[in-house]
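Participant: Below are the chains, spelled out letter by letter.
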Amino acid sequence: MSIYSNGGVFNLAYHDSETLEIDKRSSSKTHSNPYARETPAWWGQRSGVSGAAARGAPQDGWQRESWRGGESIPMGHIPTDSGRPPWQHSINHSTFLVDHDSQFVQSPSVRLPSALAGNMSMRWRGMTMRRMSLFPHAHPAHAAFTEEVVQSEMENEEKNLVKELVAMSMQDQTRAIRALPMSFEEKKHIRNQVLALKSSNRSKKFTLLAEFSENASLSLRRCGYGVKSAKQTLELWQGIMKEIGGKFGSSVLTYFLFLKWLLMINIFSFLVNFGFITIPLLVHEPSPKVPSNVKFRGLEFLTGAGYFNYTVMYYGGYSNETVGVSVEYDMQLAYFFTIAVYMVMCGLVLIFSMASSFKKNYVLADPSSNGAWQLLCSWDFSITNERAVRQRRSNLRVQLKESLSEKAQRELLTLSEKLKDFGVHLGCWVLSTSLAVGCGAGIFFLCQHEQQRVSDSGSWSPAQEAETLLVPFVVSLMNLVIPLLYSLFNKFEHYSSQRKQIYALVVRNVGLRMSILGVLCYYWMNVVSQSFSCWESMVGQALYRLVIFDFIFLMLGSFFGEFLSKVIGTKLQPNLGLPEFDVARNVLELIYGQTLAWIGIYFAPLLPAIQILKFLILFYIKKVSLTQNCQPPRRTGRAAQMQTIFIFLLFFPFFVGALSIVAYTAWSLTPSEQCGPFRGLNNTFSAVGVWIDHLEDIPGSDWVVWIYQNVIRSEIFYFLITIIILVIMYIFWQITQGRKKLISLLRQQIVNEGKDKTFLLDKLQNLQKSQPKNAKQRKQKGHQSLGSQSNSSAVVQALLARQQLEEEDERQSTSVSSPSDVSTSSALIQATMARQRAEHLPHTAIEPPSNHDALARAMEARQRAENEERNEYYSTDFSEIQTNRPSAVAQAMEARQRSEREGGLQQGPSSTQNPAPSGPSALIQAMLARQQAQNEYDDGY
Amino acid sequence: MGTTASQLGKDLLSEYQELTFLTKQEILLAHKRFTELLPKEEKNLPDTRVPMERILTLPELKSNPFSKRICNVFSTSERKDGSLSFEDFLDLLSAFSDSATLEIKSHYAFRIFDFDDDGTLDYGDLEKLVNCLTGETEETRLNGDEMRQLINNILEESDIDKDGTVNLSEFQHVISRSPDFVSSFKIVL
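In order, the protein sequences belong to chains A and B. The opening residue of the first sequence carries number 0 in numbering that gives the first Met the number 0; numbering runs sequentially from there. The opening residue of the second sequence carries number 0 in numbering that gives the first Met the number 0; numbering runs sequentially from there.
Treat each hint with caution, since some may be false.
Stated by the list, open to error - Covered by chain A, according to a simulated footprint, are these stretches of chain B (three or more residues, beta-carbon under 8 Å):
1) 12-19
2) 57-63
3) 80-89
4) 136-148
5) 155-168
Simulated from the structure, these hints should not be mistaken for laboratory data. Only a predicted model underlies this, so the values are computations on that prediction, with no experimental measurement involved. By construction, the Cβ of each residue, glycine as well, lies at the ideal position given by its N, Cα and C atoms.
All chains should be built: construct the whole structure from the sequences, respecting the hints.
Facilitator: The following block contains the structure:
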């Protein structure tokens, strides 16, 4: 902290400096709102645009004055993007006054091709930023004059904006106007201007086609709005989501959003399966072929066995025939391709949502800025409930206090404490891993035991059927109890951050579920597939039971987990309080359920239907349980990051696992002989081979055969694909590394600039102290226009000049300086903000030179000016517009010229050119020059 | 709904849709809620303003600790009394809607947190912000030491140019790295 405090914080001048500062006002401001709200006043005046020229003689005067000779400046290399040099406005301005229309029409073609969308928004930001700083606390005496300058400046800005907008396509334009951070009225105004300009442009080159495309785009847009509205009306559970978000905040809401997302996936999957597999079969043979001795008993709902076994619920219920009366419909191919396409699509959806979520929530997120985040962006504006607000406030307070004390404590950990922590962690990990392994082993033996009891006959007695419930019961029980144990372990462990704690918990839970599912899959693939005649249906049944039991236990879990702990928390142990909704645990349960559904898609194609019902009921149960039993979470974790983790988990071990199980089944296992669409084949995939063989006889389908032979079945193809992907990955990785380096460099640069600034300010203050003469005079503070550059040398220079001018200002204040601006955006953090101020100052001109050559000449010019100034005691109003010339020589020349002119006109301490060279050596020289000027000034005075 | 639709008019409605991030339903709902806030005799007058006190009776804003700041920021009233016209109200909802860009959201968030309207978040602003977040009463406040430490921590993290204040670009930098912001900076009618 000490380093930081020693910086510019206590240096008042620092706050008036320019680099990153937008604006800093003293408390005695005349405009209470610095933002762009003063505008209506000048809209009224815009009707008389040309009137602005004649408005004030002094204004006119300084403009002409400053542009005397300015027309010859080459404009070719002017940067057209965000970094506009300060004088470009003035050029626009002066030409604009002369020839309004031509400027308007031709200008976009010059500027806009380079204006990309990102660039634009950057620029607008800079512009609105400047706009909001356009209203400093002007001295009352000169307020009127300043306002005129400001107005004309803002008109310019607006003109530029409108010009940019006109050149855009209609859609971009609407979007861009909508995204302007301005009030509605202003946006409307801008839009009207754009439209007016567009129509005036068009009237010159009116074509029927343009008219037509205009109308078409308009109606298309209207149509788009309609679709958007309709989509919103159809949005599921909108009111409930709002209620939950309002009471519990967005982190709990992520659970429900996730649930809804999974529901959508299942609905899609159900529609696909039902539409392409089940309906054709049902059309072919509407009633299932159930043996006469099998009756519907009701127990089927739990076990999925018995009667269900002969329906389209399971793999066994489908035939291998080519069905259909008029059109041939190959069930084998339909079954294979439907499931393959569904799995691929799920994978794509997951990958895309995962990637975008990663990009948004991880790459940009910075783990180090925790405290700032907590304050600046943690408030959930969607919370509307009074009690929730209170609770959240107190939670936040506790959290803030904790984080403060944690920060203080962290350094105090001794070695023995660290060792102890490590030991506890190790113990917990060993314990939880062995628990997971133990569960897996237990399930395996249980499955073997079950397999010995169950016969391969078609019909089971009710007792036999009920026995099959043992395995899913135990599995679900483990899934319910073991995570609770894990949470208990977590209480004993000490983690440096909450996030690590959650991650540890999540990893352990995932390990448990993976080991259970892994064992089950191994059992199905290796044991069941050998010992049953229609083994796919058996696996389907087992999955059905698991899904049902998972559902029952989820309900029980929310009853026991939440309702009971509420009762305990309110009645028995009031210090425990209401339970919190554990988002991580609940989401993992959802993920587990979804994995079962994915594995089951091959064995029981209608399992998604069960899943849909399950999720629908679960949504309402969880909602009721949440609102009745729980309180908002105490800690506001980073919900978006957790969501990313969940999607990642859903994809990586779970979806990939399910996919590989299904793929293994399809490629390597022999389908059962007596049932299912693939009976009689070596493996499922050979259905495609048979189809290709069949295709070879049909002319015109050679390309399909070719693809099959040379792409699908060739190792070289996969080898090449893999190589290419690896190369691309490597290149991207390298790019990322480079960018990382760049970011850290840029960051360092900003910090260095800050340091430069404080150093210089200290120096300046020391200098000031050594000459305290002026300090006792009137405290009328003057601001002046400054052209700032992101370059640190510019800062130096600007500061020096400012200081000097402030001193001078104490004696004279009759005139106004021209506003100017440079908005230079540095690549990443927009290191410099453009700023403008209108002020009252006698004579100012600060010239940021760009070349070393300028130094000598400028110095000379300055010297001379000062010498001459000493003799003059008559004051004249004189203003200079600040310029920035591309050529250093030209600049120096102008500086000299100007100082000569000034010399003839002015009283004592007048404007001083203070150009300093860029580069570190500039500093010393500039300082020396300043000192010298001061000395001379004192003498003269 | 039918009556409100006819009140707003098709052209006006499409203009609102074009200039805000709101959908038709949202605009109509906003209009309904807004007219409910108006006293009877003013209902049919154009360009009426609802005073801040009435706006704050909306359940969506009632318990929000920043509600007054929100009104002040979005108000275009000349008297700076925080009263909102319907268009201001739409502006507010648009900035807080789901589809608003991060840029808009962070811009308005900055202005809401900038209590003294001076264009930067300085120590005083941050102190007020912390008080708003933790509660304003004596016992809920952080004490002086904690406050100082906290604000110094914030400045250390977010004040890149080390000038003792957080300006808009620095604020946006922090926001851009906090993906939760978009979802939490949200008010839905």
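Participant: All hints are to be evaluated individually against the structure, with a verdict given for each.
Facilitator: Cross-check of the supplied hints:
1. 12-19: It holds: at least three residues are needed, and the segment 12-19 of chain B offers 6 whose Cβ sits within less than 8 Å of chain A.
2. 57-63: With 5 residues close enough to chain A, the hint holds.
3. 80-89: The restraint on the segment 80-89 of chain B holds, since 3 of its residues have a Cβ under 8 Å from chain A and three suffice.
4. 136-148: This one holds; 4 residues, not fewer than the three required, reach chain A with a Cβ under 8 Å.
5. 155-168: It holds, with 13 qualifying residues against the three required.
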